[in-house]
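A.B. asks: Sequence:
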Amino acid sequence: MSSARRLAVVLTTVAVAIGWLPAAGAAAAAELPGARYTALATPTRIVDTRTDTGGHPKPLGAGETMTVAVPGVPADATAVVINLTGTGGTSDTFLSAFPTQFANTSTLNLALGETAAVAAVVTLGPDRAFRVLNRNGSIDMVVDLVGYLGTGGGDGFASAASPTRILDTRATNGGHPSALGPGQQLTLPVRGVAGVPTTATSVVVNLTGVTPTANTFLRVTPSGGASTSTLNLAAGVTRANLAVAGIGSDGAIRIANLAGDTHVIADVVGWFAPGAGGRYIAAPAPARVMDTRLIPLNPIEAGETRSAALASAAVPPGGRTAALLTVTAAYPTEDTHLITWPQGGAQPQTSTLNLPAGKIVSNATIVEGAGVSVYNHRGEVDGIVDAAGYFYTPTRAEPTVPSAPTLTQVRNSGARVQLAWTPPSDDGGLPLTGYTVTLRPGGRTITVGGHQNKVTVDGTVNGERYTVSVAATNFAGTGQATSRPTGPGPAMTRIDKDAAGTPDTTNGVFPRGLSADGRYVLLSVRSSSVLVPEPFRTAQSQGSYAMRKDLRTGELELVGLDPAGRLVRMLTGAISRDGDTVVYEGYSPDDVFGIYVRDLTTGAVHVVPAPTSTTNLALSADERRLTFGAADGVYRHDLTTGVTEELLNCPEPIHGCALSNPKADADGTTFVLDYRRTPTETSRLTLLNADTGELRTLPEGERSTYAISGDGQWVFYSCETCPDRFVIRKVATTPGAVPTTVKAWTDGYTWVVNPYWVNHDGTLLTFERQRGDGQWYGSAPGYVFDLVNQREVMLPQARDIAFLNDPMISADGSTVVGWERCLTSIQDAECLPIGVYSVSVPAMLGG
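Take the position in the sequence shown, starting the count at 1, then add 75; the result is the number in my numbering.
Quick caveat, the hints were computed from the structure, so don't treat them as lab data.
Each residue gets a CB set at the ideal place from its N, CA and C atoms; glycine is no exception.
Incorrect hints may have been included.
Claimed, not checked - Beta-carbon label-pair distances, calculated as ranges:
1) Arg627 / Arg771: 25 to 31 Å
2) Glu609 / Glu867: 41 to 47 Å
3) Gly419 / Ala334: 41 to 47 Å
Construct the entire structure; sequences and hints are all you get.
C.D. replies: Below, the structure written as C-alpha cells:
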C-alpha cells in the first residue's frame with residue numbers, strides 16, 4: 076500500500092479569534108468577529124522551487140518543511156487564499172500547508188510524477204508566514220497567491236443556493252461551444268449571471284478541464300496577463316479545482332489554456348461582494364465528518380448518496396452558514412465523479428470532483444447548512460469529507476443576544492443530571508454557537524455546541540436537589556438563561572463493601588437474588604474479596620461464596636454452607652421473598668454438586684439432588700417449592716416432602732427437543748421457556764403449567780430474551796421477527812391473548828433489546844438496550860420501563876465510563892440492583908474495578 080493510501084486530507088484553515096461582546100444590547104455588524112476577503116488585482120506567484128522565486132530553488136525533500144513568507148498583505152490579514160501545485164514528485168506523497176505546526180493532515184495528494192493543484196485557505200502564523208511539508212520523496216512546489224482574509228476590511232461572502240453551470244464548452248452554455256485551443260483565452264461574464272450581483276468583486280467557481288489532448292494548465296484571472304496557474308491537467312484526464320477569481324472591471328473573468336485542446340466547465344459556487352454579509356470563522360481544528368475507509372469498510376457504491384452532519388466541526392445549525400469543505404475520493408474501481416450539496420436539498424447536476432480509477436483526488440467546495448450529501452456516479456469509491464470552517468451571515472444590521480431556550484426535560488438520576496431543551500425562539504439574527512449549562516449548588520458549568528439540545532452532567536451527589544439553567548450564545552454574546560429545579564434524585568448505594576466501607580477490588584461480586592421488598596440481596600463473592608471475613612478469605616480466588624447483604628443495616632453475612640458447616644463454592648442462587656431463606660447451587664469441599672437451601676432463621680440446610688448446570692433457581696412465595704431448569708428438563712422440588720418432580724422432559728436436547736432458560740412465576744406454577752418439541756421445529760416461546768403439564772405456544776415468532784411477572788399474568792419478550800425489530804412486547808398468559816407493544820426503538824442506533832426482570836404485577840420492567848450512539852458503541856446499559864406512565868429511564872451511572880447492567884428488580888418495584896460494566900470503548904485498566912449498586916426506583920422515576 077502506498078503512503079498516499081493512508082493520507083488524511085483537509086483544507087488548512089484560517090484561525091480567527093472570536094471577541095465576545097457584552098451579553099446585553101445590540102452589536103453593530105462591523106463589530107462582529109470573522110474575516111472578509113480581498114482579492115489581488117492579479118494573482119501572484121510567491122513560490123516556485125524550480126526557480127529562485129520564494130528563495131528555495133530546489134525540490135522539497137522527504138519530510139522537509141518550507142516556510143513561505145507572504146509579501147504585500149496588510150497587518151490585519153489572518154489568512155491567505157492560495158493555489159498550491161506539486162509537480163515531478165519521485166514518490167507518492169502529499170503536501171500539507173499549515174500556520175506553524177503540522178497537524179497530521181494533508182492539503183494536496185500526489186501520485187508519482189503527477190502534476191496537480193488545489194485551492195487552500197491557509198492561516199498565517201505569528202511571523203506572517205505559513206509552512207508547507209512534503210511527506211515522501213522529493214517534489215517541486217508552486218504557490219500562487221490569489222487574495223487574503225482579514226479583519227479590517229474586505230468583502231463578505233454569499234453562497235449560491237445550488238452550484239450553477241455558467242460555462243460548458245461542449246455545449247452553448249457560456250457562449251463558447253468549442254474546446255479551448257493552445258494559448259487560447261476566453262472571456263466569461265460573471266456579474267449579473269447565476270445570481271452573482273453586479274457589485275461582486277470575486278467569484279468562486281468550480282473549474283473543470285475535460286479530456287485535454289495534451290498536458291496543460293488553465294489559468295483564471297480578472298483580466299489576463301498573470302504568470303500563475305489554477306488547474307493542472309494531464310492528457311486525457313478530467314479534473315476539477317475550486318477557484319476564487321477576482322472579477323475584471325468589465326464584470327468578467329478570463330480562462331486561458333496553455334497547450335492542446337481542452338473543454339472547460341465552470342460552476343458558480345458563491346461570490347464575494349461589499350453587500351454580502353458572510354464572515355469566515357475557522358473551525359478550532361480541521362474536523363473529519365466522513366471517512367468511509369474506517370472499520371467497518373463502507374465505500375460509496377455506484378449511484379449511492381452518503382450524508383454527514385457538520386456538528387463535529389462546530390458548524391452552527393440553521394440556514395445562515397456555508398461550510399468550507401475538502402472532499403476527497405480515493406481509489407475508485409471505475410472512472411467516476413462525486414457531487415456534493417446541502418444535506419436535505421435537491422441534488423444538483425454539477426460535479427464537485429472527477430477522478431480516474433485507482434487514484435486519489437481532492438477538491439474544495441462550499442456547502443450551505445449544517446450537513447453535506449455526497450453522491451458517487453460509478454463503481455465503488457472511498458469518500459472523505461473534512462470541514463475547515465464556515466461563513467456566517469447576520470440577518471440584522473444590529474444583531475442581539477439570543478432569547479432564552481425552553482427546558483423540556485430535567486431528570487436527576489442520582490449520580491448524574493440529564494436535561495434537554497428547545498432552541499430559543501429568537502436567535503438574535505446570528506447563528507447559535509453554543510449553550511451554557513449551569514448546576515447549582517456547586518456552580519458546575521458545561522458548554523456545548525449550538526447543535527446540541529441535551530446534556531448529561533456526571534458526578535452529582537445522590538439525594539441532592541439541584542437547580543439547572545441553560546443559556547444560548549451567538550456572536551453577540553450569551554442570552555438570558557432559563558432555569559428549573561430537579562428532584563432529589565434516587566438513592567444510589569454501592570453495596571459491594573465490607574462493614575468498614577471498604578469496596579471489593581476483585582471484580583468478582585455479582586447479585587444473584589433480591590427479596591420481594593428489596594431489603595436483602597444474595598451475592599456471589601469471590602473468595603479473595605475483602606467482603607469475605609477472615610479466616611475464610613483466600614489469597615487467590617478459589618471460587619465464589621454466597622453472602623447476604625442487608626441494604627438497610629449494611630450487614631453482610633456469609634451464608635453459603637453445606638449441612639456440615641463447610642463453605643460451598645457457589646455458581647448461582649436465589650433468595651426467598653422475605654429474605655430469610657437462600658438457595659445456592661455449587662460444589663462442596665469434596666466436589667459434590669448439589670442445590671442447597673438454607674433457612675437463615677434455624678440454620679438448617681436442605682440438599683436437593685440435581686443435575687449440573689441448572690438455571691433460574693426460584694423459591695415459591697410460600698417457600699415450599701423450589702423450581703429450576705436443566706438441559707434435560709424442567710423440575711420442581713417439594714421442600715416439605717423431599718420429592719422432585721420432572722415437569723417437562725427433554726432427553727435429547729441437542730438432536731431432539733430443545734429448551735432453554737425456563738422462568739417461573741412467584742408460585743412456581745406457570746413457566747415460560749424457549750422450547751422446540753421436535754428436531755424439525757423452530758424454537759418457540761412456550762408456557763408450561765406445572766400443575767397440569769399443559770404446554771401452550773405463545774403467538775409470534777423467534778424471541779431473544781423474556782421474563783414473566785411474579786403474579787404469572789404477563790410475559791414480556793423481545794421479538795426478533797416483528798416488523799419493528801427492536802421492540803419489547805407483552806402478552807397475557809390467558810388463552811387467546813393478543814400481544815401488544817411495550818416499546819419500540821426506531822432511533823437508528825439501538826442494536827439489541829433484552830428484557831430481564833419484572834416486578835410482581837407487571838408494571839415495572841427492567842431491560843438492557845445495546846446502543847451505538849455517542850460514547851456507547853455497543854455497550855448495553857440497564858433501564859427501567861414504567862408501563863403505567865410509559866417512561867423509559869436509564870439506570871444512573873456512578874461514573875461516566877461505566878454503566879449498570881443485568882438489572883434485577885424487587886417484586887414490590889422499590890429497588891433495582893445491578894453491577895457495573897465498562898463502556899466498550901474504554902480500556903479495562905482505565906475502568907476497573909467495577910462496583911455493585913442498589914437504586915431506589917421511586918426516586919429514580921420521580922426525579
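A.B. asks: Falls inside 41 to 47 Å, the C-beta gap from Gly419 to Ala334?
C.D. replies: holds (43 Å)
A.B. asks: Does the Cβ distance between Glu609 and Glu867 fall inside 41 to 47 Å?
C.D. replies: Distance hint for Glu609, Glu867 holds at roughly 44 Å.
A.B. asks: Determine whether the Cβ-Cβ distance between Arg627 and Arg771 falls within the hinted range of 25 to 31 Å.
C.D. replies: violated (41 Å)
Taken one by one, the earlier hints fail for this structure only at number 1.
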